[in-house]
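Chemist: Construct the entire structure; sequences and hints are all you get.
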Amino acid sequence: QVENLYLKSLLKEHRGRINNAARAAGIHSRSLFNKMKRLGIKKEDYR
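Residue numbers (the working numbering): 99 to 145.
Where hints are given, some of them may not hold.
Subject to a maximum C-alpha distance of 16 Å in a straight line, what follows is the list of computed EDC-like cross-link-like pairs (lysine to aspartate or glutamate) [claimed, not checked]: (1) Lys133 to Glu101; (2) Lys135 to Glu101; (3) Lys110 to Asp143.
Hint data in this document are derived by calculation from the structure and do not stem from the laboratory.
Modeler: So, in structure tokens, the structure goes:
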């Protein structure tokens, strides 16, 4: 649940831009995308 909230706040801060959010988190954009998919988070909800 903490990961879910963290990813949502990152995406909100970076307006759904996966590359920028991943860079801020210090992970690869593909890793972020996979985490989002696993948690059911859609980038469109943060644009």
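Chemist: What are the numbers of the hints that this structure violates, sorted from low to high?
Modeler: Violated hints: none; all satisfied.
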